[in-house]
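Chemist: Sequence:
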Amino acid sequence: MKYTDYITNVPDFPIPGIQFKDITPLIGNGEAFHQAINELTNFSRGLNANKVIGPDARGFIIGAPVAYALNAGFIPVRKPGKLPRDVITYDYELEYGKNTLCMHKDAIKPGDRVVIIDDLLATGGTMEATIKLVEAAGGKVVGLGFMIELVDLKGREKVAGYPIKVLIEY
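Numbering (the working numbering), first residue to last: 1172 to 1341.
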């Protein structure tokens, strides 16, 4: 399947100068979404992960079905003020600003094997922050899976050393 047929380019979103890659046509097509989730699940299965993390918000859409298929726990990593119990946080920079990610303190146990699934690898800031949260909780990141990688932004360099699965490169 040619996944790029299901990605819409949106210029100047969320701010001028950003060429946003919209995955909603892909996730809105049952066949394309099913195949994409199967590819990310097969990658994750080989890593023996017992937890899947999906960063806010598109990572929820992609990570949750992967966790379900693996019979693994799913952990949402969210923006501040969205999780109801004690959290650990990490501040980071995006390609167009700054952000903070939060995870429940008890979401990861020491020794948990975690795969992080998200829609996009750009500068690597979100992934680096999520990795730091997992490691702070005593977990081990065993792999990273993405629908899209923006190769020119060199995010892969920031997360070097982890197995990575990408479905589409731009």
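Bear in mind the hints are in silico, worked out from the structure with no lab data behind them.
Each hint should be verified, as a subset may be incorrect.
Restricting the straight-line Cα-Cα distance to at most 27 Å, the calculated cross-link-like pairs of lysine-lysine (DSSO-like) are [to be verified]:
| hint | residue 1 | residue 2 |
| --- | --- | --- |
| 1 | 1276 | 1311 |
| 2 | 1173 | 1250 |
| 3 | 1325 | 1250 |
| 4 | 1192 | 1303 |
| 5 | 1250 | 1269 |
| 6 | 1311 | 1325 |
| 7 | 1336 | 1325 |
| 8 | 1329 | 1303 |
| 9 | 1173 | 1192 |
| 10 | 1192 | 1276 |
| 11 | 1192 | 1269 |
| 12 | 1250 | 1276 |
No experiment lies behind these values; they were computed from the predicted model shown.
Chemist: Against this structure, judge whether each hint is valid.
Modeler: Hints, one by one, checked against the model:
1. As the CA atoms of residue 1276 and residue 1311 are separated by approximately 15 Å, the hinted pair is consistent with the 27 Å bound.
2. In summary, the hint linking residue 1173 to residue 1250 is not supported, as the alpha carbons are separated by about 32 Å, beyond the 27 Å threshold.
3. A distance of roughly 24 Å separates the Cα atoms of residue 1325 and residue 1250; the hinted pair therefore holds under the 27 Å criterion.
4. Proposed proximity of residue 1192 and residue 1303 is supported: the alpha carbons are some 26 Å apart, at most 27 Å.
5. This hinted pair checks out: residue 1250 and residue 1269 have alpha carbons roughly 11 Å apart, not beyond 27 Å.
6. For the given pair, residue 1311 sits about 23 Å from residue 1325 by alpha-carbon distance, which is consistent with the 27 Å threshold.
7. Taking the CA atoms of residue 1336 and residue 1325, the gap is about 15 Å. The hint holds against a cut of 27 Å.
8. Taking the CA atoms of residue 1329 and residue 1303, the gap is near 12 Å; set against the 27 Å cutoff, the hint holds.
9. The hinted pair formed by residue 1173 and residue 1192 meets the criterion: a straight-line CA distance of about 15 Å does not exceed 27 Å.
10. About 32 Å separates the Cα atoms of residue 1192 and residue 1276, which puts this hinted pair outside 27 Å; it is violated.
11. Restraint check: the Cα-Cα separation between residue 1192 and residue 1269 comes to about 20 Å, which is no more than 27 Å; the hinted pair holds.
12. Between the alpha carbons of residue 1250 and residue 1276 the distance comes to roughly 14 Å, so the proposed pair stays at or under 27 Å and holds.
Comparing the model with each numbered hint stated earlier shows that hints 2 and 10 do not hold.
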